[in-house]
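The listed protein sequences correspond, in order, to chains A and B. So for the first sequence, UniProt numbering puts the first residue at 1; every next one is plus one. So for the second sequence, UniProt numbering puts the first residue at 1; every next one is plus one.
Note that these hints are calculated values from the structure, not bench results. Be aware that a few hints might be false.
Identical copies carry no separate label here, and so any pair may be met within one copy or between two of them.
[What the hints assert, rightly or not] Capping the alpha-carbon separation at 30 Å, the derived lysine-lysine pairs in DSS-like fashion look like this:
#1 330 x 177
#2 318 x 177
#3 224 x 318
#4 242 x 471
#5 422 x 79
#6 224 x 330
#7 273 x 388
#8 464 x 330
#9 177 x 422
#10 9 x 464
#11 68 x 318
#12 559 x 480
#13 179 x 318
#14 68 x 422
All figures in this text were calculated on a predicted structure; none of them were measured in a lab.
Residue-level listing of the chains:
There are 2 protein chains.
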Amino acid sequence: MQGYKAPQKDALFVMNELLGFDKHYADLGFEDASPDMVEAIFSEAAKFTENVLAPINASGDEEGCVWKDGVVTTPTGFKEAYQQYVDGGWPSMTHPEEFGGQALPYSLGTIMAEWFSGANHSWAMYPGLSHGCMETIKAHGTAELKTQFLPNLVSGLWTGTMCLTEAHCGSDLGMLKTKAVPNADGSYNLTGTKIFISAGEHDLSDNIVHIVIARLPDAPAGTKGISLFVVPKFHAGPNGEKLERNAVSCGSIEHKMGIKASATCVINFDGAKGYLIGTENRGLNCMFTFMNMARVGTSLEGLAATEAAFQGALVYAKDRLQFRSVSGVKNPSGPADPIINHPDVRRMLLTQKAFREGKRAMAMYCMQLVDYGLYAQNEQNKKITEGKLALLTPILKAFLTETAQETTSYGMQVFGGHGYIKEWGMEQLARDTRICTMYEGTTGIQAIDLLARKVAGSNGELLKLFIQEIKEYCLSIRDKSQFNAWSNTINKHCDEWAQITGDILQRAATNPEELGAASVDYLMYSGYVTVGYFWLKMAVVAQEKLDAGDFSQTVGGDKDFYQAKLLTAKFYFDRLLTRTRSLVSAMESGAENLMDMPEELFYLG
Amino acid sequence: MQGYKAPQKDALFVMNELLGFDKHYADLGFEDASPDMVEAIFSEAAKFTENVLAPINASGDEEGCVWKDGVVTTPTGFKEAYQQYVDGGWPSMTHPEEFGGQALPYSLGTIMAEWFSGANHSWAMYPGLSHGCMETIKAHGTAELKTQFLPNLVSGLWTGTMCLTEAHCGSDLGMLKTKAVPNADGSYNLTGTKIFISAGEHDLSDNIVHIVIARLPDAPAGTKGISLFVVPKFHAGPNGEKLERNAVSCGSIEHKMGIKASATCVINFDGAKGYLIGTENRGLNCMFTFMNMARVGTSLEGLAATEAAFQGALVYAKDRLQFRSVSGVKNPSGPADPIINHPDVRRMLLTQKAFREGKRAMAMYCMQLVDYGLYAQNEQNKKITEGKLALLTPILKAFLTETAQETTSYGMQVFGGHGYIKEWGMEQLARDTRICTMYEGTTGIQAIDLLARKVAGSNGELLKLFIQEIKEYCLSIRDKSQFNAWSNTINKHCDEWAQITGDILQRAATNPEELGAASVDYLMYSGYVTVGYFWLKMAVVAQEKLDAGDFSQTVGGDKDFYQAKLLTAKFYFDRLLTRTRSLVSAMESGAENLMDMPEELFYLG
């Protein structure tokens, strides 16, 4: 099995040469986050992921978590790795100084979150869930709750979770049954059972802070009657002292296809004491803080899996000898040529490479939008960036995770039969990343969020904002004649995107099923165009570096890096962006081919 | 977890109403295989798969096979199920009476092989491998070998394997190293190590008969120096008496993503005695008998997984309540509507259904071609059917297994997070079927077989044969005006298929990499068009039944069955056949976008 290598160079290329993160950070007042500082942090993070997390990835999968009498034991090495993570100060990096944080920008943490997940998806979920918990308390909690819980969460001494799902309600949270009964002291007693709670119980931290949605006795039905609570495993004193055990327990853990070292828990609340976050019955609004961050986090897991699968496949493809190349012997001293010389192996590797880099650019662009929302003072710009982020979040989540299914599958396929064998590590990547299109809102849910809530809900305005950005960029490079073809292609896709959107909305005016019928194809279309836009930008930057001729000051460091970007861009435009052709056909076919079949005609013959 | 239900009705529809199997069998002299007889056999096979194989599928995955000191133990119940299979006379069904068989047509066995695999992929591999072994001995073995081995294989007392792969040679068999040294008595001593040998060692049968490729001491290099041998685990007397142990042993078994109850063995030959099949150095030709049958068998595993995933997802989609339908409440007495009412869930179910039925039609059509090759006397027709089978075998193998990746993934996706949990059984289907695009020749190997060997190798003649059949069919239904649109679509695809083929061959004349660069997209294109042809035919038959108005004598038995076929055909034409649009773009983009990147530009940045 190959080790994991943190993609520092590619991340720095996107930050420094594509998206101007130095200016971005300076504009937002993060003078500390200079390129040198970032590079130093990256270098430490790389060591941690490569030397601490990657070596316990396969063994963690093999061992899995063990539940016994309500206690969950994580696999060998997980606790020690978590302690190193805490000792290294990683949990506190992007949190405010008042709670013990290092006050670095949010985006910096998420960029490295990709690496944690790439080295060890299961392990990375424990700290990953904590961040959402902290953001929710930070954004919506009272001063008392912040003092009680944030310092220990920020330091990593405690971890957090998000408790939404119940057995009968997954996507449809309006059906939740967990009850919260008010106490005289202002607290609430929660009773109910939550399922699929990642990091719900484990042995990594001293205490676990659950963010729970529940329903008050007199709450209105549906999503308008959902309230949000903090429910700790152990009660906390006013300054975060760990007190007695709360009535929260782990009933069992799930046996899953993958992420076996991540404890997926049934959590029972038996009159457990909790504290309201935000306003009664308005919990879902607060929850969106958590959910949007979790969706961005999940998208990075998709990117991470693509990165890791590419790494494994690439090394194998250069090493494995089978057949001679049809265009002439490439390895005369060996019995056959490395399989990287065969065109179909290259097709798979280039698909991985084009997604790996294109998705990273898109993700980091979105991180900048998140930063802006969190830190910027300029209200006008903020409205624009928030609009773009609202549009792009479901695309990012679903597109980055759906394409990870393909890229991890290719990871196995390049290995042939060996890809199916555990020892190579490729099949674990495919199993682990399979959850990503299902949790934190399935692809279908993201697609409806995109097309119904974001696009139709803004009457197309959010889409217009983003298309305008793309078109302005295309206009700005009109003098670079070598890019005219790709630029025109992206421009035409923008026009088509707008036109298809109009068509669907028009059809939906008379048949509301048209939105759902087109939604997933629409989301994937949007993803291909968005990543195409970033490939165009990357190609332009790469050409500028090549034209300048001096690579000593560049991130790439040599001609090959930029040459490879240009050739990968060509592959993307020729062979991946063209997938929009079939998506358009499917979207234009309308809802009848889905909805005309009466339910009773669906049966097993 | 839902049980498995053998798709008897759909299989009978394809046999009796679509492809005229009654006449087909009668023409080939199988008077015994009357529709009534077939139905009776199917009913018994359904009971066996539903009541014996399906119940030990999940437990078999959980337990896996155990290797200890060279002995492999299969999971609980596997041995007993195999004994029931033998007692039921299933192994002998399609083999000649002279070896104890029941002399029923080959196709009848393979149709049910789908069900065995659908109920329990791992279990079905043990008898599955035996058939290839028997066919090889039958086709190429001496009279002595047949007497020694066939009766016990036919009865199921013994099982067989196929030993090709070695650690350093998978697809590229020319590199194999296993040595065969001739003995004075006409036998050979084989020495070497084979890997990935399914059913290579287990506890189901008394003896295991290995078909092994090896190289004679003076053999020419490459594939022209490969010879084929029978190497039994226990030696056999002249009439199949089980004698002393041969120097064949199982060194270990692989730990895999799926098919965990199927023993994937390292087999060591330490001077093991073997017997030549066919001519020295011409083993690969004989091996193709085995490989082509194995490829057809693997295609059925892809179909089987699609069927099983559809069954699971359909039951769940009718049962699971989440959200209200946007076009009006469908389940007023419940808290929400069954998710089958949501358009994107229908998109996934209809994709499964359209592939399930379309792939079955294509597979059974190919079974008829196999029958023809085995049994027909008419040499002229035989040449045509063999040509079509040669063309369609790689398409069948790769298309049916590649689309099974999508359909089993949808099986999980319809369940949301529950799809990832072992107890529902959906994730096992995805893991088990993942091997199918890799073993028995990867999709890339099938694609090169199709485009280089079959299409280019016949100068397009084989493709022309099949296109002619499709076009003649389209012409024959020109008076059915309601089908003109679909018929024209298929016709146009045939023209496009021919044109693209010409384009690729022309480009390949100057750059041989063009074949590999287009090959997988070409194969998938061919699959979509071929299945489209069968959907057109199914729709026409369904309409004829609807027009006739009396369903009492039909396989479907009611209007719904045929109505569902028509609506599923519409879905296929609108949303699946249209995937050819992107495939065409990719094929037309040429080889440069794959081959222009120098190998050294592929590196981790």
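Structure-based check of each hint:
1. 330 x 177: between (65 Å within a copy, 22 Å between copies)
2. 318 x 177: between (55 Å within a copy, 22 Å between copies)
3. 224 x 318: between (57 Å within a copy, 27 Å between copies)
4. 242 x 471: neither (55 Å within a copy, 78 Å between copies)
5. 422 x 79: both (24 Å within a copy, 26 Å between copies)
6. 224 x 330: between (66 Å within a copy, 22 Å between copies)
7. 273 x 388: neither (39 Å within a copy, 71 Å between copies)
8. 464 x 330: Result: close neither inside a copy nor across copies, 50 Å intra and 36 Å inter.
9. 177 x 422: between (41 Å within a copy, 25 Å between copies)
10. 9 x 464: neither (33 Å within a copy, 51 Å between copies)
11. 68 x 318: Intra 45 Å, inter 35 Å, cutoff 30 Å: neither.
12. 559 x 480: within (20 Å within a copy, 62 Å between copies)
13. 179 x 318: For residue 179 and residue 318, the Cα distance is within 30 Å only across copies (28 Å; inside one copy 58 Å).
14. 68 x 422: This pair counts as both: shortest intra-copy Cα distance 27 Å, inter-copy 19 Å.
The structure fails to meet hints 4, 7, 8, 10, 11 from the earlier list, while all remaining hints are met.
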